[in-house]
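Asker: Please put together the full structure from these sequences, using the hints given.
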Amino acid sequence: MSQLSLQVWPAEFLLPSIDAKCLQYMACAKFCAAPVRIEPSVSPWSTSKGNYPEIRGVNSGRTYYDFREFVYLLQTQQAESALDGGMDEFTPEMEALKALTFMHIYPAYAIDFAKYGLKLLSKRLAGDKYFFGNRPSSVDAFIFGCLAPLIYIPLPDNRLQVFLRSQCSNLVRFVSSIINTYMPLPEDEVRAHQERMALWEVYREEYSRDRQRSTSSVTPSAYPLWEKIVFGIVAASLSLAFAIGCGVIQNSGSKQGKICLSSEEDGPYGTW
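Under our numbering, the first residue of the sequence shown is numbered 1, with each subsequent residue one higher.
Please note: incorrect hints may appear among the correct ones.
Claimed, not checked - Here are the simulated lysine-lysine pairs, BS3-like style, with alpha carbons at most 27 Å apart:
#, residue 1, residue 2
1, 98, 21
2, 98, 115
3, 21, 119
4, 98, 119
5, 115, 129
6, 21, 115
7, 98, 49
8, 123, 98
9, 129, 119
10, 123, 49
11, 49, 21
12, 129, 30
13, 30, 49
14, 129, 98
15, 98, 30
In case anyone wonders, no lab produced these hints; they're calculated from the structure.
Keep in mind it's a predicted model, so treat the numbers as computed, not measured.
Answerer: As structure tokens, then:
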């Protein structure tokens, strides 16, 4: 088998890649020191699925592997250390942690839902370096890929970032430790990222100010007073005409021209 290559979205915001799945696959390959060449790319239309990550160099010619299949593929490589080796006893808990992350953290648009999952992950990690001791596993790679964008990418709504840094600091250390240990960026690239992130911070502050102005300002009425009065008179006239036409109220035919209810008996307040 020729050397595998992993095509991923490029680095940005101090992350080795801006995409969660790409980060997961990259972390798996780095954890076991597999002979996989990382190739940043920005032409997803050239891939089989129209997105990254994509694996190339497999004898079968297959290029798309889901996370579980990619872990198995790495386990068949001649890596320095077997990924998830000797961790069979933890398999049920590993699957539970992956399910928790996928359900609560991956769809992070549900803020309260995500906070619940983050608290559980933080409690499970506690003071350990990784989720299952001092050796990283595929679960660590999976969780890392979901957490890293939440921590590093400057979003307009940064509530989850604030929550992570204030109440789940061990998860922040977990992510930064993996980046620094397995996927450190060159110094010149770090400086370039920091310059662009400073611009993003300016844009985010402008966005926040615009939102505050839009919510605090009172929106003037779209219609002048005279139009509202005319509309009320017309609406009342049409309602009265509709009631007479449907027989809800009718003229009694008396000389006084009293208007009475159309039912056989007078209403609770007698004749109108």
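Asker: Against each hint, give a clear statement of whether it holds in the structure.
Answerer: To see whether the hints hold, each was checked on the structure:
With a C-alpha separation of about 13 Å, the suggested pair residue 98 and residue 21 falls inside the 27 Å cut-off, and the hint holds. A hinted pair counts as satisfied when its Cα atoms are at most 27 Å apart, and residue 98 with residue 115 qualifies at roughly 16 Å. With a CA separation close to 22 Å, the supplied pair residue 21 and residue 119 stays within the 27 Å bound. Among the hinted pairs, residue 98 with residue 119 is consistent with the structure: their alpha-carbon atoms are about 15 Å apart, no more than 27 Å.
Between residue 115 and residue 129 the alpha-carbon distance is near 21 Å, which keeps this suggested pair within the 27 Å criterion. The hinted pair formed by residue 21 and residue 115 meets the criterion: a straight-line CA distance of about 21 Å does not exceed 27 Å. For the hint pairing residue 98 with residue 49, the CA-to-CA distance comes to about 23 Å; that is within 27 Å, so the pair holds. Restraint check: the Cα-Cα separation between residue 123 and residue 98 comes to about 15 Å, which is no more than 27 Å; the hinted pair holds.
Note on residue 129 and residue 119: the hinted pairing holds, with a Cα-Cα distance of about 17 Å set against a maximum of 27 Å. Among the hinted pairs, residue 123 with residue 49 is inconsistent with the structure: their alpha-carbon atoms are about 37 Å apart, more than 27 Å. Distance restraint check for residue 49 and residue 21: the Cα-Cα separation of roughly 14 Å lies within the 27 Å cut-off, and the hinted pair is therefore satisfied. Proposed proximity of residue 129 and residue 30 is supported: the alpha carbons are some 16 Å apart, at most 27 Å.
With a C-alpha separation of about 24 Å, the suggested pair residue 30 and residue 49 falls inside the 27 Å cut-off, and the hint holds. For the hint linking residue 129 to residue 98, the alpha-carbon distance of about 17 Å falls within 27 Å, and the restraint holds. For the suggested pair residue 98 and residue 30, the alpha carbons sit about 19 Å apart, so the restraint of at most 27 Å is met.
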